[in-house]
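Novice: The listed protein sequences derive, respectively, from chains G and U. The numbering of the first sequence is the numbering used here, which starts it at 52 and goes up by one. The numbering of the second sequence is the numbering used here, which starts it at 30 and goes up by one.
Certain hints may be false.
As the list claims (entries may be wrong) - A few chain G residues facing chain U, derived, Cβ under 8 Å: (1) 281; (2) 283; (3) 298.
To be verified - Computed spacing ranges between beta-carbons, pair by pair: (4) G:230 - U:170: 21 to 31 Å; (5) G:202 - U:46: 46 to 56 Å; (6) U:125 - G:199: 34 to 44 Å.
By construction, these hints were calculated from the structure, which means they are not laboratory data. By construction, the Cβ of each residue, glycine as well, lies at the ideal position given by its N, Cα and C atoms.
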Amino acid sequence: MTPLLDVQSLTKSYGGRIGCADVSFRLYPGEVLGIVGESGSGKSTLLNCLAGHLAPDAGEIIFDTRAEGPRDVLQMSEPERRMLGRTDWAFVHQNPRDGLRMRISAGGNVGERLMAVGARHYGEIREAATDWLNRVEISGDRIDDRPAAFSGGMQQRLQIARNLVTGPRLVFMDEPTGGLDVSVQARLLDLIRGLVRRMGLSAIVVTHDLAVVRLLADRLMVMKGGHVIETGLTDQVLDDPQAPYTQLLVSSVLQV
Amino acid sequence: MIEVQGLGKQFTLHNQGGAVIPVLEGAAFSVAPGECVALTGKSGAGKSTVMRILYGNYLAQAGSVMIGDIDLTRAEPREVLALRRETLGYVSQFLRVVPRVPTLEVVAEPLLALGAEEQVAFGRAQTLLSRLRIPETLWSLSPTTFSGGEQQRVNIARGFAHAYPALLLDEPTASLDAQNRETVLTLIEEAKAGGAAIVGIFHDLEARNRVADREVDVSAFTPRAAA
Ligand SMILES: Nc1ncnc2c1ncn2[C@@H]1O[C@H](COP(=O)(O)OP(=O)(O)OP(=O)(O)O)[C@@H](O)[C@H]1O
Ligand SMILES: Nc1ncnc2c1ncn2[C@@H]1O[C@H](COP(=O)(O)OP(=O)(O)OP(=O)(O)O)[C@@H](O)[C@H]1O
Ligand SMILES: [Mg+2]
Ligand SMILES: [Mg+2]
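In isolation and in its complexed conformation, chain G is listed as follows (with noise of 0.2 Å):
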């Protein structure tokens, strides 16, 4: 099977200090990979350099373009990216305000990524806004709403509903579930599940919070100083973790 994504020793230093450094992996269709580790280690740079908000110092992203196949994106062209990033990618914020206009309607947050992608039909848009909103659980009579009028819960879901509506092969995600209580948590995280596994999507999801890759990510990497330093089936890196630094990790959170 061709890797969706197949990334080579990516590197990317901010002066002196680094960012992310030599990081290799392969992502398979389907497949959700989680990414822990401190404050610091480097997964929103990574993540960020992966999206093509960052422009690493070197190395390879293979991306498996609908239209052409594998393609190392650092070599495209601005345009061809921007248009990955508007069809085939998506990137949900840790911060929905990052990730949503907020001065626009719940409705038109989600219409205008439609639009971008050559949407014209007005009663069509809105309907596709409407069934979204729908399945991020967001009532229909708030589509007019501005999300400032939103709880954090609803405004991380209608990111998500933004995101998704136009049916992207790769979602990533930095903290999807971060400044969100607990229970609020629960109820994102079961909607990304369900997301996930009925529209076949891969996604690279950024979390310090080991619950949350626990039940969300089929394979995890660990990052410390910039480094991967431990890669495997999730349940196997938290059970059975080998790395000093995982073990410290796992051994610090009390059950998950």
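Please build the complex by placing chain U with the ligands on the supplied structure of chain G, with the hints as guidance.
Specialist: Just chain U with the ligands, lined up with the frame of chain G:
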């Protein structure tokens, strides 16, 4: 169906002065289709450790574990995932589920993951839940708030939803009443009749004698240094 050879396992506790706990050395046994093998040995002998290695949950330092024609100790994560989906089932001692998912879906999930029709998957889930005496009023609720015994039965129903050719059972009859214990033993007998190769841990002697064809005493695999 299951073939274990030269299996070695030790734990290195890096944050406790690098202490090394040798648990298994030269473990070897095999299980044919339709056969049930019980792992025995005193507490701490390594029964659950063997079981977890057989599921790919623990890494082995030496040896091989063939499940069908795949060596679990050398397989890529995605191969292990496919194996778990199609071939290798595991009923753990405790249920672990995503909060908020209804019981019926928890049980049907292994079949849905295999691409079964919803009707078929939910039908099978209903049959199993009925047989295990989970009241229908609970089916639409998440099992997170169920009693220990109820959770264990949901866990068993989930483990038997798909007819895995290889099945691992960790204390499947623990904390069950007589009637439900009987149902679980019958489920195990049915799986055997269907050709499943089963490895089980049963503290319940009567249950072990009834369903197990052979015993493998894991104390025989305790490393000399540790004995
Ligand atoms: N724009 C930047 N300029 C300079 N250094 C940066 C910049 N962004 C990140 N870094 C540094 O790169 C390293 C990795 O940061 P990154 O944000 O990737 O960590 P993280 O694993 O996402 O942490 P957290 O869990 O706190 O979000 C850190 O040492 C950080 O200080
Ligand atoms: N994740 C782990 N990390 C460190 N040591 C472990 C781990 N899992 C098991 N062990 C050790 O391996 C040895 C065997 O444990 P195991 O749980 O396999 O025994 P068991 O035969 O199943 O016992 P019981 O009958 O009490 O369940 C014990 O010394 C245990 O402490
Ligand atoms: Mg970060
Ligand atoms: Mg045990």
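Novice: Each of the hints needs a verdict: does it hold here or not?
Specialist: Consistency of the hints with the structure:
no. : hint                      : in the structure
1   : 281                       : violated (11 Å)
2   : 283                       : holds (6 Å)
3   : 298                       : holds (5 Å)
4   : G:230 - U:170: 21 to 31 Å : holds (28 Å)
5   : G:202 - U:46: 46 to 56 Å  : holds (48 Å)
6   : U:125 - G:199: 34 to 44 Å : holds (37 Å)
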